[in-house]
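Engineer: First to last, the sequence lines map onto chains P and B.
For the first sequence, the positions run 1 to 1022 when full-length UniProt numbering is used.
For the second sequence, the positions run 1 to 165 when full-length UniProt numbering is used.
Don't take each hint at face value.
What the hints assert, rightly or not - Below 25 Å or equal to it, Euclidean Cα-Cα: the simulated DSS-like pairs (lysine-lysine) are: (1) B/65 - P/31; (2) B/65 - P/370; (3) P/294 - B/65.
What the hints assert, rightly or not - So these bits of chain P aren't anywhere near chain B, every CB distance computed over 12 Å: (4) 111; (5) 393; (6) 399; (7) 506.
I should point out that these hints are in silico values taken from the structure, not numbers from a laboratory.
By construction, the Cβ of each residue, glycine as well, lies at the ideal position given by its N, Cα and C atoms.
Listed here are the chains, written in short residue letters.
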Amino acid sequence: MALSGMRGLSVFISDVRNCRNKEQERLRVDKELGNIRTRFKNEKGLTPYEKKKYVWKMLYIYMLGYDVDFGHMEAVSLISAPKYPEKQVGYIVTSCLLNENHDFLRLAINAVRNDIIGRNETFQCLALTLVGNIGGREFAESLAPDVQKLLISSSCRPLVRKKAALCLLRLFRKNSDILNVDGWSDRMAQLLDERDLGVLTSSVSLFVALVSNNHEAYWNCLPKCVKVMERLARNQDIPQEYTYYGIPSPWLQVKTMRALQYFPTVEDPTIRRALFEVLQRILMGTDVVKNVNKNNASHAVLFEALALVMHLDSEKEMMSQCVALLGKFIAVREPNIRYLGLENMTRMLMVTDVHEIIKRHQAQIITSLKDPDISIRRRSLDLLYGMCDVSNAKDIVEELLQYLATADFAMREELALKAAILAEKFAPDLSWYVDVILQLIDKAGDFVSDDIWFRVVQFVTNNEDLQPYAALKAREYLDKPAIHETMVKVSAYLLGEYSHLLARRPGCSPKEIFSIIHEKLPTVSTPTIPILLTTYAKILMHSQPADPELQNQIWAVYSKYESCIDAEIQQRAVEYLALSRKGEALVDILAEMPKFPERESSLIKKAEDTEADTAELSAIKLRTQQQTSNALVLTDQRPANGAPQVSQLGMVMVPSTSNVDQNTVDQRVTQSNGTLSAVDPQLPVQDHAPAGDILGDLLSPLAIEGPPSVSPQSELNGVPSYEGIPGANDALALAHVGDQESTVKPIGDIAERFHALCLKDSGVLYEDPYVQIGIKAEWRGHQGRMVLFLGNKNTAPLDSVQAIILSPSHLKSDLSLVPEVIPPRAQVQCPLEVVNLRPSRDVAVLDFSYKFGTYLVNNKLRIPAVLSKFLQPVQVSAEEFFPQWRSLPGPPLKLQEVVRGVTPMSLGEMANLFNSLRLMVCPGLDPNACNLVASSTFYSENTRGMLCLVRVETDPADRTQLRMTVASGDPTLTFELKEFIKEHLVSIPTGGKPPAPVAQQPQPTNPPIASSDPGALLAGLL
Amino acid sequence: MIRAMIVINNQGKPRLSKFYNYTPVDQQHQVIRSIYSVLCLQPENVSNFIEGGSILGPDSRLVYKLFATLYFIFVFDSSENELAMFDLIQVYVETLEKCFSNVCELDIVLNYSKMHTILDEMILGGQVVETNSEKVMQAVEEISKLEKVTAATKFISKSTSLLWG
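Only chain P is shown next, with the shape it has when bound in the complex (with noise of 0.2 Å):
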């Protein structure tokens, strides 16, 4: 009867193979539905065997796509049957047909539990896959503890201790109350010495669960794990069936590494010692050898390695190492390599400060732009844009553009898109930018966006030098044969404009100007028609008084455009044709455009970040060139957990610092000078100044040298220290507050600059007559990694500079130890590291103090790591985003609220405040134009990537309300998200109240220094 069961489910299947066309096949399928429906019904005459051929067919058909309704208690009911093979039956279908939220599921908590418990392995076996697959939250609070109990049972075999494990894993996803952290993490140390490398493999990945949810419960099997590590690197004890292709078990070693990787770091100098022995044994031991599955194996380790290394932050020259590996990878013939290679290289180029040595790889990244592999032409692209700076620019913009012209249709936007920015942050001059954006538009026009050509205009308008060049260009490309409409609009707009600055040259007079452009009008769309039209109204302006043939031709256009029934184009005709009729008057009414004020693009905002670096920059280089000294100030990462570390000098703002050594040493000199006329007129009088330029100007040369403790900021780690006698300074400083308060005040509005810092990712935080706090920011998924520029504008040092981050719960920080005192006129760099652990609106807050003199000015600034940092806009199509939205049914998933008080807005300017939150505006999903709708990842350490949309529904007769749904799969990501948009969408800030500086009590300088302390031991004696 078996025998014929199943070949009833052969026969089946060979006949839906045999269908000749999907009609055919879903015939026979509901014909078979059909039966099996009927034989359910008059359950009493089924056999098991027949059950359980029935429930197979039942799964076939369902993995062809069809919907099975039914029967899903008859396999349920299977799992409680007494013999191994209808049982069997029973789990395998029931954890493919049902999932953890199905009512019958509960049905089969008691009968699964009771296998779990009971003494057959085999029917553990089963009951554990099936928890493990589809257990939900019911059965982790009724079945923890008996799998549990099997995972650490020393009686168990193997085969049941593994797969307890993993059902373990699902069941603490589910609720992870289920593990006692105390309790559990010496048990999870003892999993970890485990000798079996099935149970080892599964404990593993139990752990990563476990460490990533929590690293902090578990230091204690850190390092099992290295030593789990070492046995495999080692090949001890390993047993021959579990190394594969010569490696012992390359999944194992993969898994430890990744556990490895939730620890931020290791701190045992001999575990770490260990550890990176055995690095640099998978570094160095790994080669390229002819048997492929070997060969994937022993990378799948090195790149597991790699990662641990950059995670790890090792030396300058293991990562070096690392770079030149994945340079040779690169370059290899094997495809799967290759592709890594790329694709780690991107990584580490966030990771560490190893861009000059990537840089070297150049040549080899540029030829993978033409490697057949579609997914290598992308990793090469993203690390292109990724490694692209103000030296390479050039090369790479131009390798972009010649690329264009061949690039899979797929590619090309992007591709355009990545081009022009670059071409904007890193154009080492204006023309070379007019340039490639031209060429962008003629290789590309149609993946040029409005904003682009947008952005040259006006580049252009605002640089007076440049408007001839631009126009010159313009008027070279109307030459070609056929140009795309981008092109037409902008060099009719750039000629329109300057085409009177060409006008000597031959072929530009304003006669043949007006002639090649009115050529195109046939072949251009109506948008474009009155750009064209006002193209030749400023002709005719710049040619006054118009040569009569001229002005005839164009008031001829006019009149025949005058009863358009294009409303826009019709009232330009009209318009154009009585403003033409007053001649001279004319130069009046259509004078040139005046300069732009300084306006945000999506594209532009990313580009504009770093002009203003650039701009910084040449303002330190004039500074450091006109005062040569102090041009350098240290800082001090703070070693890491006590650690005994290497000291990291964060050299600062020395901009082309290719003789950094030959700087620092002059500088040493200049800055002793510094200190022998520390009588400088020029400095303002006060009673400490002296002393702290002395503390300042000796300290900065000594702790290039000597270790980091020598450095007075030592104490800076908390609370500042309050130290000193208070004394008849004291009473000096009490006399000047009220002066204080009205000196310093900061520059520029305070609210303003975190607003505009929201939306982008570089510029100035804070501004006051004596100090200027920049910040620069880089955001990876969930982590972001920000600079403060800390700048002294004086002459005089800044004494007690105390720079604390508060950090809301959400936000795990770091900041690197200031300096307390910055030298005139210098800049310090403190990098601040951002890991944010959960959704939420609330920000980071910076309390920066220091003194000037005997005041000391304090303030409290928010630090523009809000929400919208951890988004990563994402591009969805209509296929994508119709399922996800259906998918989210309601509240709390799905939040609609209408929205009053909106500052009015056009739907462009929405788009462009959208996608500077990171938010990618996703035009054409909604089909009513008046609406938008946006799609992002968000990224948090507990949520990890979660995709978040957003739909707004504007009313265009009245700008001020709206109708916003915000959808994600975490209810508080959607509640803090639609508050966070919120909050943008109705207050662009209008000054609000600047939080006033706080002129506080003065504190007594710095103790006139320790004598214990060698600085001043060497203060001293010079």
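Take the given structure of chain P and dock chain B to it, following the hints.
Structural biologist: Below, chain B without anything else, positioned relative to chain P:
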């Protein structure tokens, strides 16, 4: 974690599919179709990785390997190592090979239950449970013995081999 294991033939017919996160059947089918539409256009000698963002949602990757007429596909997230997943396909196919010797598409179609059994011995709840194909075979044979107590399952003859064909 591993999100799904899928086997489809070179005509796009699913031969085995298992999703480790709950996915409604129509969505499963949709995923399989869009994966096929990408895979069937892949030229030879390119990398075996495909970024799955557009098909499978954020943070998903896909690795595939073509054996004779069948694509073996793993979908997973960034917590897994790409090459390790790639190796896992190899282990799965080697195990099939041991089980059926000269395994071919027909074996897989007609011994549908066996495929599930092997998969369950290797992957549990989206995590690798065993990577040693000997051990997997032992477990599968044990199960077969238990099955045979009551039902003798015959493997059906085959045409071309997967590994060698």
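Engineer: Hint numbers the structure violates, sorted upward?
Structural biologist: Of the numbered hints given earlier, the structure breaks just one, which is hint 1.
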